[in-house]
Amino acid sequence: MDKEAAKLLGAGLAMGIGALGPGLGLGLMIGKALESIARQPEVSGDVRTNMFIGIGVTEAVALYAFVVALILIFVA
Amino acid sequence: MKRKTWVWLFVVASLVLWGLLLLVPGGKKQEIQIAKEFEPEVLVKLPTVGPFDLSITKAVAYLLVALGVIVVLSFVINRTLKTHPGRFQYAVEAIYDLTRSGIVDSVMKSGAETWFPYIGSVFVFVLVSNLIGLIPLPFGEHHQPSFYAATANLYCTAGLALCTFVFTHAAGMRKNGVVHYFGNWAPPSAPPVLKQLIWVIHAVSEIFRLVSLSVRLFANMLAGHAILAVFFAMALIFQSYAAAVLLQGGSVLIYLFEIFVAFIQAFIFAILSAVYIGGALDQEH
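As given, the protein sequences belong to chains P and B, one line each in that order.
Under the working numbering, the first residue of the first sequence is numbered 598, with each subsequent residue one higher.
Under the working numbering, the first residue of the second sequence is numbered 16, with each subsequent residue one higher.
Calculated from the structure, these hints are not laboratory results.
Treat the hints with caution; some may be incorrect.
Below, a list of computed lysine-lysine pairs in the BS3-like style, where the Cα atoms sit at most 27 Å apart [to be verified]:
# : chain 1 : residue 1 : chain 2 : residue 2
1 : B       : K51       : B       : K124
2 : P       : K604      : B       : K51
3 : B       : K190      : B       : K210
4 : P       : K604      : B       : K190
5 : P       : K600      : B       : K51
6 : B       : K124      : P       : K629
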């Protein structure tokens, strides 16, 4: 395989597989948060704050994959 | 005619127009380098002092614009304070209330008074520079309008994250004492060998907080601008006016989503800073 082709293929795979886990995690977390808000609307403020913290931490994993893909395309 | 008929007529007419566009041949082929949009090119060449290159690049220009906007807005709001707020003052008060009760008071147990100014100004700075990144400014090649943001540059976000990192440990050491603070990184009740392992794991996680805090903001802003650039560039790559119309519509939706992302990222950066500083002040173990 050509080196250029391997780089592009690797970048695509890194982003695609790297987005799988955080996507599942975000879906599960936001679903649970909405469930608990629906069950107990009076704690919605607290649940929302903690949900955003969780979103920030989970989303970072997908962004590491994005950075790796960028490095593969432009730097490697 | 009824209103419904008009709507259907409009839909059919636009579909026919779009179909006609498919027949129009596209413009001439053009090479596009999306990566070049994000290179911080030098605008004003200044001398190098020691290890520091003082040249004003695109990123520095965006930083200065954000600084100017914040300073002017602060002066205006300070001079025109009223007891019966207008729309502008109401918006600024909403931001103050969000940072005060939504972020600092809901996350930090102690030290809210001391650390509110830092958290609030980080929030405002990140929000303003994210939003300025969505306005095309003439800092591109040959002074063409282009999208860029100060926070789409890793050095800027790493600097902000380094501030939070230093303040976290300085606050923790000042309140708990140096030995006590570092000793509390592992729970005192753990068995000795396990305790050292936990301490090392905690130390590594502290470093990774710094990395994730800076890379999250940087990659979010860069990814948003890259998607917009790809949408604009695809119209040229496909060489078809029909595709261009669809892609421009799509880029409007992405743009609206980016406004939401700009706000959410500022919120997450500020709230995580508050969580880290609060965690160092009130250690759990």
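- Query: Which of the numbered hints are not met once you compare them with the structure shown?
  - Reply: Of the numbered hints given earlier, those the structure breaks are 1 and 4, listed in rising order.
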